[in-house]
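Undergrad: Now for the letters of each chain:
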Amino acid sequence: MNDGLNDDLNDQINGSLADNLKTELEQNLRHESPILAITAKDSSDSISEPDQISQTSSASQISAHRRFFKLWGRRCLPYLLTLPAFLLVMGFIVYPIGNTFLRSFRDSKTQQFTWDNYRYFFIDPLQRDNFAFTLRIVVATVALAMVLGYGLALYLHFSPSWVSRWLRSLTVVPRFIPGLVATYSLIMVIRDAGVLNRLSRLWGGNFKPGLMYHESGIILMNLWYNIPFVTLIMLASLSALKPASIEAATDIGAGKLLILVKVVLPNTFKEILIATTFIFMGNVGSFTTPFLIGGNHPKMLGIALFDQFNNYVNYERTAALSVIMFLICSLSASFYIVNNLRQRQ
Amino acid sequence: MTEIKVRINHISKVYENGDGIHDIDLEIRNGEILTLLGPSGCGKSTILRCLGGFQGVDSGHILIDGQDVTELPANKRPTSMVFQSYNLWDHMTVYENLAFGLKLRKMAKSKIREKITAMLQLLRMPEVVKKYPSQLSGGQQQRIAIGRSLLLEPSVLLLDEPYSALDAKIRQQMREELKRIQRETGVTVAFVTHDQEEAMALSDRIVVMDKGSIAQIDTPQNIYENPINRYTASFIGEMNFLDQGMDVQAFRPEDATLSADQGDFLAQIEHVSSAGHYGIITLTYQEQPLKVFVDKVALAQYQPRQQVYVTVNKAKTYGAPALTAGK
Numbered sequence: 261m262n263d264g265l266n267d268d269l270n271d272q273i274n275g276s277l278a279d280n281l282k283t284e285l286e287q288n289l290r291h292e293s294p295i296l297a298i299t300a301k302d303s304s305d306s307i308s309e310p311d312q313i314s315q316t317s318s319a320s321q322i323s324a325h326r327r328f329f330k331l332w333g334r335r336c337l338p339y340l341l342t343l344p345a346f347l348l349v350m351g352f353i354v355y356p357i358g359n360t361f362l363r364s365f366r367d368s369k370t371q372q373f374t375w376d377n378y379r380y381f382f383i384d385p386l387q388r389d390n391f392a393f394t395l396r397i398v399v400a401t402v403a404l405a406m407v408l409g410y411g412l413a414l415y416l417h418f419s420p421s422w423v424s425r426w427l428r429s430l431t432v433v434p435r436f437i438p439g440l441v442a443t444y445s446l447i448m449v450i451r452d453a454g455v456l457n458r459l460s461r462l463w464g465g466n467f468k469p470g471l472m473y474h475e476s477g478i479i480l481m482n483l484w485y486n487i488p489f490v491t492l493i494m495l496a497s498l499s500a501l502k503p504a505s506i507e508a509a510t511d512i513g514a515g516k517l518l519i520l521v522k523v524v525l526p527n528t529f530k531e532i533l534i535a536t537t538f539i540f541m542g543n544v545g546s547f548t549t550p551f552l553i554g555g556n557h558p559k560m561l562g563i564a565l566f567d568q569f570n571n572y573v574n575y576e577r578t579a580a581l582s583v584i585m586f587l588i589c590s591l592s593a594s595f596y597i598v599n600n601l602r603q604r605q
Numbered sequence: 165m166t167e168i169k170v171r172i173n174h175i176s177k178v179y180e181n182g183d184g185i186h187d188i189d190l191e192i193r194n195g196e197i198l199t200l201l202g203p204s205g206c207g208k209s210t211i212l213r214c215l216g217g218f219q220g221v222d223s224g225h226i227l228i229d230g231q232d233v234t235e236l237p238a239n240k241r242p243t244s245m246v247f248q249s250y251n252l253w254d255h256m257t258v259y260e261n262l263a264f265g266l267k268l269r270k271m272a273k274s275k276i277r278e279k280i281t282a283m284l285q286l287l288r289m290p291e292v293v294k295k296y297p298s299q300l301s302g303g304q305q306q307r308i309a310i311g312r313s314l315l316l317e318p319s320v321l322l323l324d325e326p327y328s329a330l331d332a333k334i335r336q337q338m339r340e341e342l343k344r345i346q347r348e349t350g351v352t353v354a355f356v357t358h359d360q361e362e363a364m365a366l367s368d369r370i371v372v373m374d375k376g377s378i379a380q381i382d383t384p385q386n387i388y389e390n391p392i393n394r395y396t397a398s399f400i401g402e403m404n405f406l407d408q409g410m411d412v413q414a415f416r417p418e419d420a421t422l423s424a425d426q427g428d429f430l431a432q433i434e435h436v437s438s439a440g441h442y443g444i445i446t447l448t449y450q451e452q453p454l455k456v457f458v459d460k461v462a463l464a465q466y467q468p469r470q471q472v473y474v475t476v477n478k479a480k481t482y483g484a485p486a487l488t489a490g491k
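Sequence lines, in order, name chains W and H. To convert, count from 1 in the first sequence and add 260; that's this note's numbering. To convert, count from 1 in the second sequence and add 164; that's this note's numbering.
In case anyone wonders, no lab produced these hints; they're calculated from the structure. Remember, predicted model here, so these are calculated numbers, not experimental data. Be a bit skeptical, because a hint or two may be false.
As the list claims (entries may be wrong) - With a straight-line cut-off of 20 Å between C-alpha atoms, the simulated SDA-like cross-links for lysine to any residue are: (1) W:LYS502 to H:GLY303; (2) H:LYS267 to W:THR510; (3) W:LYS522 to H:LYS267; (4) H:LYS279 to W:GLY513; (5) W:LYS502 to H:LYS267; (6) H:LYS275 to W:LYS530; (7) H:LYS270 to W:VAL521; (8) W:LYS530 to W:TYR596; (9) H:LYS273 to W:LYS516; (10) H:LYS478 to H:HIS435; (11) H:LYS460 to H:TYR482; (12) H:LYS480 to H:PRO417; (13) W:LYS502 to H:GLU260; (14) H:LYS480 to H:SER398; (15) W:LYS516 to H:LYS460; (16) H:LYS460 to H:GLU402; (17) W:LYS516 to H:GLU260; (18) H:LYS294 to H:SER319; (19) H:LYS455 to H:ILE444; (20) W:LYS522 to H:LYS460; (21) W:LYS522 to H:TYR296; (22) H:LYS267 to W:LYS530; (23) W:LYS530 to H:TYR296; (24) W:LYS502 to H:SER249; (25) H:LYS295 to W:SER505; (26) W:LYS502 to H:HIS255; (27) W:LYS522 to H:TYR482; (28) H:LYS270 to W:LYS502; (29) H:LYS240 to W:SER505.
With the hints as constraints, model all of the structure from the sequences given.
TA: As structure tokens, this is what we get:
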């Protein structure tokens, strides 16, 4: 008798529990499904919030909408934030470059596809001189700046003298002087009627440096700028080199030159590569220095580009030369990137 | 029998800031491990760097194997140094690191390979030969650094706090390792450390340094039993100091016993703690702190604030604290 009552009661309780569970599950499924459809990942969220289940239908409807926006807001926000920068890059960098690229293959009159714009720069003797001239100056600048800048960095790093300390603070000065000002100042010194010439006349001579309108003048100016740059980069690299690793090499019996080749150079190789790439790229497109110091022929590519654009108003050839210069620079950049990747492995 | 490997005759070297070493006189015997021990700035590393030729001396002479090396640069000396860290060249493999010095000595390639294989066998790590230093643990790197030095068969192997960058457990293993390698090769070792435990565990003799001078030279046991002054006494092991007017009585925590009813003097227990295999009891006597080690079985009978008698079984007496150096 008692048992039967109990069973009845149990059934009732179980039944209501099961019903409740069923409706809850239905509600849950109905209102959670849009979110579940959007992302499978978020399903863990809905499970971990059991109080959501017991809410009334309308409340969970609102909450579902809120969650929908919360979720999409969270997803969209990064894109919204990067949108202005993205539009700027697309509008002012990607579009002009793409346009330039297409234009370089276009005939100025017929608008048809042509290789002529490129052919001109590789066939015309004046333009070929410009290429050779530019490469000669850039290679000389890179080589001299690296050797002299690295040497200076070694001296500054390893010498404890007051001269070294003084020079170290001087190396940052060129960074603070505008290129144009520096170039004019150097011209005042090196031109044939400049400071050097007048000094020589004090002693009865008549020294004419002959650096103006000549590649050596441009290289000199480039070095003025790039040696301190190399020195700064190499100093940072050298200071990461632990004294113990040099002392260990000394201890084993290695002389100075061997330590330089076997320990110092390999440890600073990455920065050497960075400095080389940066100087190379910076000088391929240099304008101020060759414009002020360089002669009428041959010209550096930056000046040749300026001529095509401003004097000859030939936008198609300007575009072609731009693409060529870009390719030269990206060649050196890819050299750097490939080496960088190899180092990381 | 004990031939002298290194003789340091009255060397001095004072830096611009006043630190340095003053009139150091020291002999290192053939085949021993000699430890230079002291707090930082006491000049222990300076002595080692002078020995290795990384530091010139202001005055005095250094003789190795009877030859005056005072004026020789590091790369011309029959010594080899292992530094605290960054010993190995990161851009070279372990093999290249080990081979570098041998190549400089114009050794044949096959001979180099043979020697390196034997050395890695001695170090018990032949599997690392092709690895780069960054792929090794700190302890492994220091072992390779020791191997690189040993390959050059130096008259003296100099170690400048080589294990201080390693954690305590590895450090203990490395000590055992160094002792084994030293036994097997018979090399003379000069070892610098600020860790008295390391010095005690490792050394045949310890040189205790104090402010650029030598405080005491002796075997670890003798230094522990008979510290020459208060400074050494406080630096090596634990020591109680009882100020008694003119003199200071010093005794080790294990050289005193406690008793409930009889002893030298009555002191109050402050704290009772267990160090596992023994108990540590701190007390105060005439407002001076004391520490006594007791058997772990006896530990239960002592409580804080209890009055007990202390009996000092073995003590040393030093001059008044104002007159002695150190803490």
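Undergrad: Does PRO417 (chain H) sit within 20 Å of LYS480 (chain H), going by the straight-line distance between their CA atoms?
TA: Given pair LYS480 (chain H), PRO417 (chain H) holds - Cα atoms ~13 Å apart, limit 20 Å.
Undergrad: For LYS267 (chain H) and THR510 (chain W), compute the direct alpha-carbon distance and say whether it is at most 20 Å.
TA: Between LYS267 (chain H) and THR510 (chain W) the Cα gap is close to 14 Å, so the pair holds against 20 Å.
Undergrad: Straight-line Cα separation of LYS460 (chain H) and TYR482 (chain H) no greater than 20 Å?
TA: violated (31 Å)
Undergrad: Assess, step by step, whether the Cα of LYS516 (chain W) is no farther than 20 Å from the Cα of GLU260 (chain H), and give holds or violated.
TA: holds (19 Å)
Undergrad: Sort out whether LYS267 (chain H) lies within 20 Å of LYS502 (chain W), counting only the CA atoms.
TA: violated (23 Å)
Undergrad: Given the hint that LYS267 (chain H) pairs with LYS530 (chain W), does the C-alpha gap stay at or below 20 Å?
TA: violated (26 Å)
Undergrad: What's the verdict on LYS275 (chain H) and LYS530 (chain W), does the C-alpha distance respect the 20 Å limit or exceed it?
TA: Not satisfied, since the Cα-Cα distance of roughly 34 Å exceeds 20 Å.
Undergrad: Given the hint that LYS294 (chain H) pairs with SER319 (chain H), test it: the Cα-Cα distance must not exceed 20 Å.
TA: With a Cα-Cα distance of about 29 Å, the restraint between LYS294 (chain H) and SER319 (chain H) is violated, given a limit of 20 Å.
Undergrad: Given the proposed pairing of LYS502 (chain W) with SER249 (chain H), does the C-alpha separation stay at or below 20 Å?
TA: holds (9 Å)
Undergrad: Does LYS502 (chain W) lie within 20 Å of LYS270 (chain H) when you go C-alpha to C-alpha?
TA: Violated - the C-alpha atoms of LYS502 (chain W) and LYS270 (chain H) are around 27 Å apart, more than 20 Å.
Undergrad: With a cut-off of 20 Å on the C-alpha distance, tell me whether LYS502 (chain W) and GLY303 (chain H) pass.
TA: Given pair LYS502 (chain W), GLY303 (chain H) holds - Cα atoms ~18 Å apart, limit 20 Å.
Undergrad: If you draw a straight line from the CA of LYS516 (chain W) to the CA of LYS460 (chain H), is it 20 Å or shorter?
TA: Not OK: LYS516 (chain W) and LYS460 (chain H) at ~61 Å, beyond 20 Å, violated.
The structure fails hints 5, 6, 9, 10, 11, 15, 18, 20, 22, 27 and 28 (numbered hints given earlier, in ascending order).
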